Amino acid sequence: DAGVTQSPTHLIKTRGQQVTLRCSPKSGHDTVSWYQQALGQGPQFIFQYYEEEERQRGNFPDRFSGHQFPNYSSELNVNALLLGDSALYLCASSPGLAGGLAGELFFGEGSRLTVL
Amino acid sequence: AQKITQTQPGMFVQEKEAVTLDCTYDTSDQSYGLFWYKQPSSGEMIFLIYQGSYDEQNATEGRYSLNFQKARKSANLVISASQLGDSAMYFCAMRDPWGYNKLIFGAGTRLAVHP
Numbered sequence: 005d006a007g008v009t010q011s012p013t014h015l016i017k018t019r020g021q022q023v024t025l026r027c028s029p030k031s032g033h034d035t036v037s038w039y040q041q042a043l044g045q046g047p048q049f050i051f052q053y054y055e056e057e058e059r060q061r062g063n064f065p066d067r068f069s070g071h072q073f074p075n076y077s078s079e080l081n082v083n084a085l086l087l088g089d090s091a092l093y094l095c096a097s098s099p100g101l102a103g104g105l106a107g108e109l110f111f112g113e114g115s116r117l118t119v120l
Numbered sequence: 073a074q075k076i077t078q079t080q081p082g083m084f085v086q087e088k089e090a091v092t093l094d095c096t097y098d099t100s101d102q103s104y105g106l107f108w109y110k111q112p113s114s115g116e117m118i119f120l121i122y123q124g125s126y127d128e129q130n131a132t133e134g135r136y137s138l139n140f141q142k143a144r145k146s147a148n149l150v151i152s153a154s155q156l157g158d159s160a161m162y163f164c165a166m167r168d169p170w171g172y173n174k175l176i177f178g179a180g181t182r183l184a185v186h187p
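These protein sequence lines map, in sequence, to chains A and B.
In this note's numbering, each number is its position in the first sequence, counted from 1, plus 4.
In this note's numbering, each number is its position in the second sequence, counted from 1, plus 72.
It should be emphasised that the hints constitute simulated quantities derived from the structure, not laboratory data.
Bear in mind the structure is a predicted one, so any value in this text is a computation, not a measurement.
Treat the hints with care, as some may be off.
To be verified - Which residues of chain B face chain A? A partial, calculated answer using Cβ under 10 Å:
{"id": "1", "residue": "ILE76"}
{"id": "2", "residue": "GLN78"}
{"id": "3", "residue": "THR79"}
{"id": "4", "residue": "VAL91"}
{"id": "5", "residue": "GLN111"}
{"id": "6", "residue": "TYR122"}
{"id": "7", "residue": "PHE163"}
{"id": "8", "residue": "ALA165"}
{"id": "9", "residue": "LEU175"}
As the list claims (entries may be wrong) - To be clear about the criterion: a stretch of chain A counts as covered by chain B if any three or more of its residues have a C-beta under 8 Å from a C-beta of chain B, and this derived list gives those stretches:
{"id": "10", "segment": "24-32"}
{"id": "11", "segment": "91-99"}
For glycine and all other residues, C-beta sits at the position ideal for the given N, C-alpha and C.
Just chain A, with the same shape it has in the complex (with noise of 0.2 Å):
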């Protein structure tokens, strides 16, 4: 059984550039969040979808958006990058908006985001 898969692994932006990030859930899954994680940091919420829709939102800008497909797929936009973007973004799945049995939440591998 496949756990959260995220794609690309690493990669290297210049400032100004967009990014799309990639995130396939658990499988049964069908909400998707992401979340930012700076060097020596705890990861900050982002956003979370669920049925195609944006449900939750963290204290990121609009440069941040996402998108989630019908095989509840997800995708996070990054537009305008700035160094301070500079990041591992991690996504997570979850059954349903309030998770598992305990809540808790399925963590990929991330993508780690560099922008020079």
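For chain A, the structure is supplied; the task is to place chain B on it using the hints.
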């Protein structure tokens, strides 16, 4: 607003010994959930253990147990019989009661297990 505090940037422990990783939280809500995740160098966040605010007993999962002291607002992780593979970053997190799966993470503790 909810907040998680992990005051130990780094900890080390001898193999086969027990170690406690500290976590305190701040919330005005009565219903909340607390999590611990392990993050190895690969980057993946691995779920370890969960404690609900109304759970009467401390949560246990194999070698992991959560020392939940509600009045002190602490949720410390205890790892018994440490193994070399336990070396990783450990994050305490709280679920936002209004945000379903929105987790609020602490800054983490880096654990090093020495042979």
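Outcome of the hint check:
no. : hint   : verdict
1   : ILE76  : 8 Å, holds
2   : GLN78  : 8 Å, holds
3   : THR79  : 13 Å, violated
4   : VAL91  : 19 Å, violated
5   : GLN111 : 9 Å, holds
6   : TYR122 : 4 Å, holds
7   : PHE163 : 5 Å, holds
8   : ALA165 : 8 Å, holds
9   : LEU175 : 7 Å, holds
10  : 24-32  : violated (count 0)
11  : 91-99  : holds (count 4)
In this structure, the earlier hints numbered 3, 4, 10 are contradicted, and the remaining ones agree with it.
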